[in-house]
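Below, each chain spelled out in residue letters.
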Amino acid sequence: MKRRKRFDGWWPVLFVAPLLAGVLLFYIWPILQTFYFSFTTWGVFGGATWSGFANYVQLITDPQLYVSLLNTVIYTAVVLLGVPIAVWLANLVNTPGLRFAQLYRVLFFLPYVAMPAAISLVWRIIFNGDFGILNYFIGLVGIKGPYWISSPGFALAAVSIVGLWSSLGFSMIILGAGLKDIPPELHEAAELDGASPARRFRSITVPLLTPSIFFVVIVTTISSFQLFDLLYAMLGAKNPVMPKTMSLVFYFYQSGFIDNDKGFAAAIAMFIFVLIGIITLFQFRFQRRWVSND
Amino acid sequence: MTSSTLKTRPSRPARSRSGARRNGSHAYIHVVLGVGGFIMAFPFLWQIIMSLSTNAEVQSVTPTFWPAHLQWGNYVAVFERLPFFDELRTSIEVTVIRTLAQIVLCTMAGYAFARMRFVGKGPILAIVLSILLVPSQVYLISQYQIVQGFGWLDTVFGLVAPGLFSAFGTFLMRTAFLRMPAELEEAARIDGANPFQIFWRIMLPLARPSISVLAITTVLWSWNELLWPLVVSTDSSKMPLAAGLATIAGDVTINYPVLMAASLMAMAPILIVFIVLQRRVIDGLASSGLK
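Quick mapping for you: the protein sequence lines, in order, are chains P and E. 615 is the number that my numbering gives the last residue of the first sequence; the numbers go up by one with no jumps. 301 is the number that my numbering gives the last residue of the second sequence; the numbers go up by one with no jumps.
No wet-lab data here; the hints were simulated from the structure. Please note: incorrect hints may appear among the correct ones.
Short, incomplete list of chain E residues facing chain P, as computed with Cβ under 8 Å [unchecked claim]:
no.	residue
1	A87
2	A177
3	F178
4	S222
5	L236
6	A252
Ideal Cβ placement from N, Cα and C applies to all residues, glycine included.
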């Protein structure tokens, strides 16, 4: 009988070539080209000339880089606050025999599937300084609500709140899948030993859930670092607060496609790439300290 | 917490134990999840209410919790005041083409990477998967150049092009095919089936759950995507819905209820698909672990 140590002739070429051609043309080549672009300066009428590290020097001396970086970090931090909330909520939804559990899952997950460009428009009105319903509710307890969308700090807060709202359901779903993998015998044994539900949550659920929590933290961090859609759609590209509120990816978009400085934008892209790489590496190293893999 | 906890016998099976036990504390769980769920759903409810109000009602300082007369005409005005129909058609075209292309290309490549032997398989797979490590901004500028070079700006070709190919989809399908038993292939091979027949008749039907995950994620990602459409389209009648809505957001002449009706209609297809297929979508996304 033939073993698997056999080559399949030309069939694999037929199977892989279409995808590979597209990947090389639309991804691998562009990655190399962007790296090259980051060392070039673009003329007004097109054409790139080699300019060495000029873009990188300009980038690290541009205050806008640090504003964008700080805004991105703040946004990411707020969205990450959702992870412990998601652990708590996922554990509640996964209570055995809970009625309406599927309905709750759907409600929490709805924001994740909603088109960011569309739902941002709704939030934009909810956050409106004059007639937004949020300020109405805040007013009921006697606080005068701010003009969220037109004051830089509050605009970033508004976008962050919406980011938290839209990512919570995704975290809950991933964590819920992790919770199902925890053997019920552990809880039963602990219960016999007299452990309270709170104690079991702390000593069994959370430690055994760390691989899922870790995964959620990584995915959330990477996607939050690429904040663009909510910011663009909630504030509008021409909003006067944008310079103080923009994210790294918006800074990239503005440089490359509004100011049409593609060499500089390429340098920003490389910066984002390296930054996400470092964060991911750091998280994987840090993982050993707190993730249990048993 | 409750007295029934103490009476629970150790040998009871898990199902009855949990069913009987925590009824006392379920009330607290329902309050937390009920309030939380309402907050999550509130923007959608508010959107529906605003879409049925007059512009004056939306802008009144004391909120109009229920409009005096339901303004169904706002939904008609969407088609008169915005290029909604063109944008909807573009969104559908882009999403359908991408989803079909990814299913074909990713299942075939994923199958070859999982089940076939060929020269350079490891390095080629590494090249494809390396894209997963790279944020999209890194290839965006150059993709734009390529699409511009082909003369595809403001066309469906330009909108769909890079998204026809997916490293994530290939990875997903490869994993699915790796899990399948080798005996099936061997049996078919002895019966004289060629590799394409084995793939098409035997393996592909077995991979259906993973294919549906791929389809769901691609539809979701393609329908909601904003940055790429903003980059390659400038003419609002040639944009997909996401870019069209984001572009008019700052337009002061637009009236809020019409905008709410438009944004609700733009999201509706995905929301309806999700609500109808909720269990499969949630389980699928949980198993794929990625968008």
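> Out of the numbered hints, which ones does the structure contradict?
Replying inline: 1, 3 and 4
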